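> Given the sequences, and given the hints that come with them, work out the whole structure.
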Amino acid sequence: MIRIVLPFHLRTLAHATGEIELAVEETPTQRSILDALEARYPMLRGTIRDHATKARRPFIRFFACQKDLSHESPDAPLPDEVVSGVEPFMVVGAIAGG
Amino acid sequence: MSGVRVLVGTKKGAFILTSDAKRQKWDVSGPHFAGWEVYHLAGSRVDPNRLYASQTSSWFGQVIQRSDDGGKTWHQPGTPPGEPTTTPDGMPMGESNKFVYDTSPVTGKPLTTHMWYDGSQHPWEFKRVWHIEPSLTDPDTVYAGVEDAAIFRSTDGGKTWHELAGLRGHGTGPKWQPGAGGMGLHTIVLDPKNAGRMFVAISAAGVFRTDDGGKTWAPKNRGLTSKYLPDPTPEVGHCVHRIAMHPSRPNVLFMQLHWNVMRTDDGGENWQKVSGNLPSDFGFPIDVHAHEPNTVYVVPILSDSLHYPPEGKLRVYRSRTGGNEWEPLTKGLPQSDCFVNVLRDAMCVDSLDSCGVYFGTTGGQVYASADSGDSWNAIVRDLPAVLSVEVQTLA
Chain Y
0 MIRIVLPFHL RTLAHATGEI ELAVEETPTQ RSILDALEAR YPMLRGTIRD HATKARRPFI
60 RFFACQKDLS HESPDAPLPD EVVSGVEPFM VVGAIAGG
Chain B
0 MSGVRVLVGT KKGAFILTSD AKRQKWDVSG PHFAGWEVYH LAGSRVDPNR LYASQTSSWF
60 GQVIQRSDDG GKTWHQPGTP PGEPTTTPDG MPMGESNKFV YDTSPVTGKP LTTHMWYDGS
120 QHPWEFKRVW HIEPSLTDPD TVYAGVEDAA IFRSTDGGKT WHELAGLRGH GTGPKWQPGA
180 GGMGLHTIVL DPKNAGRMFV AISAAGVFRT DDGGKTWAPK NRGLTSKYLP DPTPEVGHCV
240 HRIAMHPSRP NVLFMQLHWN VMRTDDGGEN WQKVSGNLPS DFGFPIDVHA HEPNTVYVVP
300 ILSDSLHYPP EGKLRVYRSR TGGNEWEPLT KGLPQSDCFV NVLRDAMCVD SLDSCGVYFG
360 TTGGQVYASA DSGDSWNAIV RDLPAVLSVE VQTLA
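Taken in order, these protein sequences are the chains called Y and B. Read in numbering that gives the first Met the number 0, the first sequence has 0 at position 1, and its numbers run on one by one without any break. Read in numbering that gives the first Met the number 0, the second sequence has 201 at position 202, and its numbers run on one by one without any break.
By construction, these hints were calculated from the structure, which means they are not laboratory data. Wrong hints could be hidden among the right ones.
Below, a list of computed lysine-lysine pairs in the BS3-like style, where the Cα atoms sit at most 27 angstroms apart [said to hold, decoys possible]:
#1 B:K192 x B:K71
#2 Y:K53 x B:K97
#3 B:K214 x B:K272
#4 B:K312 x Y:K53
#5 B:K214 x B:K192
#6 B:K158 x Y:K53
#7 B:K11 x B:K126
#8 B:K71 x B:K24
#9 B:K11 x B:K71
A few chain Y residues facing chain B, derived, Cβ under 10 angstroms [unchecked claim]:
#10 R2
#11 E37
#12 Y40
#13 P41
#14 T46
#15 P57
#16 I59
#17 V85
#18 P87
#19 M89
Quick caveat: nothing in here was measured; it's all calculated off a predicted structure. Where a beta carbon is used, it is the ideal one built from N, C-alpha and C, also for glycine.
Pasting the structure below:
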């Protein structure tokens, strides 16, 4: 089970509280878990990744295991700790603005 | 009992202000979509309970919200309230967020680049919806003006959006460029007497008109002068801030240009300057009295470098002569130490008798006049910076 932590505004939009747990059948990658997230919470489409290109939005970051994975390939396997559910995959809004 | 519903978009959410026809006591609800920028809310003329809102964020992108009960509850179109938010059968929910530029060959030759600040060509990139304009006849049909400048239409109540690509593709697109606030299509004016005609305004490109329901478009900027351009009278490139029309006289439009207040009497074919005795002809909003087609309102701002009222006095200026002769309206407005701005979509009028006039400021005040501008009161004083103000006159 993949654990995903969303920022406040996306939890509100998804009517979700706390962490989200997702079963991902494919090899867990950024792309596959975000596909699974958007399938379960379709209102999040376009809020994390561009609707058309699927590129990460500029002010969104992906953290896990104390590392910034934002610039990793979306098809790279995720760390074992994320795959096993020991560590969450964190979707983070960049700190900026007022 | 008649009344009004004022829809206020701010930097940190939406607020709905309601009153009876006296417009003296107000109820305030909100924030809706707390923490998000709400560029604009608008209600259908044919179904006043149908509202649309543009909820947007530099972080999380664009969300369209809809209310079917006058703003009491909201949902993303395609995800009805109370229904599961999951899609076990792959229903295309979430499509209401999807604003994708049309690149299909069927619709002509939509452009992929426009002029960037440095004069180079830059790809069109969707950022947000600036303005929502519901159809005059169908509550499920609604237009959206977006940044980077384009117009989209939904015919299913906001569930899906499709670009009217003939605007970007008509030929002058490579010459459009962003103003300081971005390259937004911020104004959509529908002609109530000609279903095929509408006007849009883009910063910084100018005014465009379609006569065939959005399939083909042409620039309508003859007579505009923009002294900040190397050629002050180009076909496109003008930073038009706002245009407004009285529904009884759709060939007459008024414009707040970056500098200059303008008027056309022939549907945009020719524009004339009507700034007259204004203390500054820079500003953002402009609107027309509901019952007097020659009565026009603007809020002069000192300059493009100094976005606050001249002399620290917040004054609405009214012309009862269709321009050129303007009188300051000050009763109830701060006349010292006031340095707020009033943005382009933040002024509107109701259609009660006498006409109500409303505007919101970057300082978070929403002012209302129930007597055509003669006197003003603040409905609220401490909202986040106001981005837009719309009013619905309720039967």
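> Can you name, in rising order, the numbers of the hints this structure does not satisfy?
Hint check: 1, 3, 4, 10, 17, 18, 19 fail, others pass.
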